[in-house]
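Engineer: Listed here are the chains, written in short residue letters.
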Amino acid sequence: MSADVPFTRTLQAEWIKLRSLRSTWYTLSALMAVGIGVTSLALSTVGQDYAEASAADRQAWDPTSLSLTTYIIGQLIIGVLGILIVTSEYATGLIATSLGATPRRHRVLAAKAVIATGLALVAGQTLMVAAFLLGQAMMAAQDVPHAALGDDGVFAALAGGGLYLSAIALLAVGLGVITRATAGALATLVAIVFLVPALSGTFPSWMHGLVDIWPTKGAAAVLTTVPDPEFPHPWLNLGGLWLAVAAVLATAFVLLRRRDV
Amino acid sequence: MTRIAVRGLTKRYGPDTVVDDLSFTVEPGQVTGFLGPNGSGKSTTMKMIMGLAEPTRGTATIGGRRYRDLRMPLAEVGALLDAGAVHGSRKARDHLLALAVSNGLPARRVDEVLARTGLESVAGKRPGGFSLGMRQRLGISAALLGDPGVLIFDEPVNGLDPEGIRWIRDFMRSLAGEGRAVLVSSHLMSEMARTADHLVVIGRGRLIADTGMGEFLRANGEGTVLVRTPEPGAFALRLTAAGATVRDGSESSLVVSGMSGEEIGRLAAYHGVVLSELSPQQPSLEDAFMELTKDAVEYQGAAA
Numbered sequence: 001m002s003a004d005v006p007f008t009r010t011l012q013a014e015w016i017k018l019r020s021l022r023s024t025w026y027t028l029s030a031l032m033a034v035g036i037g038v039t040s041l042a043l044s045t046v047g048q049d050y051a052e053a054s055a056a057d058r059q060a061w062d063p064t065s066l067s068l069t070t071y072i073i074g075q076l077i078i079g080v081l082g083i084l085i086v087t088s089e090y091a092t093g094l095i096a097t098s099l100g101a102t103p104r105r106h107r108v109l110a111a112k113a114v115i116a117t118g119l120a121l122v123a124g125q126t127l128m129v130a131a132f133l134l135g136q137a138m139m140a141a142q143d144v145p146h147a148a149l150g151d152d153g154v155f156a157a158l159a160g161g162g163l164y165l166s167a168i169a170l171l172a173v174g175l176g177v178i179t180r181a182t183a184g185a186l187a188t189l190v191a192i193v194f195l196v197p198a199l200s201g202t203f204p205s206w207m208h209g210l211v212d213i214w215p216t217k218g219a220a221a222v223l224t225t226v227p228d229p230e231f232p233h234p235w236l237n238l239g240g241l242w243l244a245v246a247a248v249l250a251t252a253f254v255l256l257r258r259r260d261v
Numbered sequence: 001m002t003r004i005a006v007r008g009l010t011k012r013y014g015p016d017t018v019v020d021d022l023s024f025t026v027e028p029g030q031v032t033g034f035l036g037p038n039g040s041g042k043s044t045t046m047k048m049i050m051g052l053a054e055p056t057r058g059t060a061t062i063g064g065r066r067y068r069d070l071r072m073p074l075a076e077v078g079a080l081l082d083a084g085a086v087h088g089s090r091k092a093r094d095h096l097l098a099l100a101v102s103n104g105l106p107a108r109r110v111d112e113v114l115a116r117t118g119l120e121s122v123a124g125k126r127p128g129g130f131s132l133g134m135r136q137r138l139g140i141s142a143a144l145l146g147d148p149g150v151l152i153f154d155e156p157v158n159g160l161d162p163e164g165i166r167w168i169r170d171f172m173r174s175l176a177g178e179g180r181a182v183l184v185s186s187h188l189m190s191e192m193a194r195t196a197d198h199l200v201v202i203g204r205g206r207l208i209a210d211t212g213m214g215e216f217l218r219a220n221g222e223g224t225v226l227v228r229t230p231e232p233g234a235f236a237l238r239l240t241a242a243g244a245t246v247r248d249g250s251e252s253s254l255v256v257s258g259m260s261g262e263e264i265g266r267l268a269a270y271h272g273v274v275l276s277e278l279s280p281q282q283p284s285l286e287d288a289f290m291e292l293t294k295d296a297v298e299y300q301g302a303a304a
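Top line first, the protein sequences correspond to chains A and B. Okay, so the first sequence: first residue is 1 according to my numbering, each after it adds one. Okay, so the second sequence: first residue is 1 according to my numbering, each after it adds one.
Calculated directly from the structure, the hints in this document are not laboratory data. Quick reminder that beta carbons are idealized off the backbone N, C-alpha and C, glycines included. Be aware that one or more of the hints could be misleading.
Unchecked claim - For the chain B half of the interface with chain A, some residues (derived, Cβ under 10 Å), not all of them: (1) G8; (2) T10; (3) K11; (4) P15; (5) R57; (6) G58; (7) L74; (8) L81; (9) D82; (10) S102; (11) V274; (12) L275.
To be verified - Listing some non-contacts, in silico: residues in chain B with all C-beta distances to chain A over 12 Å: (13) D21; (14) A85; (15) S253.
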């Protein structure tokens, strides 16, 4: 009878699917264009901001973090990419074909997760480095204290940014499987990365542990070089986010396995 | 030779039993028509065979194994469940390539199946702009990628123009001619009459008939005889008196059942009745099908 097909084939197939859609490349282009655009807009008046800053603000001046705030928009675009990898198959009905070709369903999801996370890591890391370099150049041009790639903590902040964005991509894949619909998954993602952080000040104290690992809150604290007193252990927070994302993905695996297509 | 074996297959969605203790076999080398009214459970049965829906009870196996245990499913089962199930902006060739690669099939298979379905010229195009007929062909290309011994098609001619219908019909016949087991569903009896060797008829999820096409035709749909005479009223009385059932046909003809043409001719001769037409009517497949499934149609019109 037929020989077994290695997992690398499933990975390769998912990569062909992703690269053969123009929307993938449009989304990645949008990520870079918007990400860089937001950086240059945010820092266009950074000289004035610094001039008006209080002594305490100057004490906490973090040129690295300032140049990376574009992650807030970047995470949404990367999230869209992760969601579409899954929900475009549900929207078109292609999922039945995919699971017919690969009835070991966990393979399909594992391949999608690997591809989405990997692509988000590369694209997110590229955006982080590009935004950092552009931001520092703009700050230098406006005679504001700025950082260089070799400075203390800069490498960690940039790497943290890439890992943060890829965690969001993986979260998006999980949400896509759970909701099976682009709109539902996107609404959930927006609620997670924008809505909950905006409302977090009103949460009771027992939820502060959640805020510590929440996207755009504690988990994003790794994107700094000057420690935030609110989040003293940013890498633990990011680790917590990854664990939470792993739990969401585990749920997605169970649902995908159990549900009829 | 690979066959599909469905044994005691049952699917419940909450209180609704969609497929009810269904058993049949799809043999290699022939086209098995899977027939039933809309909503009778055909698609659900096919999804269970494909491992896309989990049976509540019973099994569906392909060559003795459950679908989900197949390691290279495309090399054993090819299926077209929904021709629309492609991403409209992924080029036809890429769509097929991803499927082929996922099963470890060589990339040249993509060009081979595109050639077999006559899609070479649109291989680099996006299916979003394809006609329904072309999408069906693309779906069939995907089903053929692994050169499988079993093929499953769900309503493949739905919405096609006559040329497309003929192409699919001939294609099914040629696939069966190559020794493959072909299962094709339809709610159109007339379509099956030209395509299938064997019939599996279901209604409300239950098996109604599992039989060869010829036997099905002979066993179902009682034959009628069309009679035309200048004095239909009087002759109808004589026919009824002789035990036949008579109803009025078009243009003052009589449709007689319960008597053969020869018996009717003798009766007319005995009474000196002039006949201008005496023609036995072949029971149509459609009639046979309606007759079989009349109790099993889920939603009947008020007039039915």
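Engineer: Does each hint hold? Answer for all of them.
Structural biologist: Each hint, compared with the structure:
1. Proximity of G8 (chain B) to chain A is violated relative to the hint, the smallest CB-CB distance being about 19 Å (cut-off 10 Å).
2. Among the interface hints, the one on T10 (chain B) is violated; its C-beta lies about 14 Å from the nearest C-beta in chain A, farther than the 10 Å criterion.
3. With its C-beta approaching chain A no nearer than about 9 Å, K11 (chain B) sits inside the 10 Å limit, and its interface hint holds.
4. Given hint, P15 (chain B) at the interface with chain A, is violated; its Cβ is 17 Å from that chain's nearest Cβ, farther than 10 Å.
5. Of the supplied interface hints, the one on R57 (chain B) is violated, with its beta-carbon coming no nearer than about 15 Å to a beta-carbon of chain A, more than 10 Å.
6. Hint status for G58 (chain B): violated, given a least beta-carbon distance of 15 Å to chain A, over 10 Å.
7. Annotation: L74 (chain B) was flagged as interfacial toward chain A, and the flag holds, the nearest CB pair being 6 Å apart, inside 10 Å.
8. Against a cut-off of 10 Å between C-beta atoms, the interface hint on L81 (chain B) holds, since the closest Cβ of chain A lies about 6 Å away.
9. The closest approach between the C-beta of D82 (chain B) and any C-beta of chain A is roughly 5 Å, which is under the 10 Å cut-off, so the hint is satisfied.
10. The beta carbon of S102 (chain B) comes within 4 Å of a beta carbon in chain A, closer than 10 Å, and the hint placing it at the interface holds.
11. A distance limit of 10 Å between C-beta atoms decides the matter here; for V274 (chain B) the minimum to chain A is near 63 Å, and the interface restraint is violated.
12. Taken as an interface hint, L275 (chain B) does not check out: its beta carbon lies about 58 Å from the nearest beta carbon of chain A, beyond 10 Å.
13. Listed as outside the interface, D21 (chain B) is consistent with that label: its C-beta sits roughly 19 Å from the nearest C-beta of chain A, beyond the 12 Å cut-off.
14. Residue placement check: A85 (chain B) does not keep its beta carbon more than 12 Å from all beta carbons of chain A (closest about 3 Å).
15. Distance to chain A confirms S253 (chain B) as a non-interface residue, since its nearest Cβ pair spans about 49 Å, more than 12 Å.
Taken one by one, the earlier hints fail for this structure at numbers 1, 2, 4, 5, 6, 11, 12, 14, listed in ascending order.
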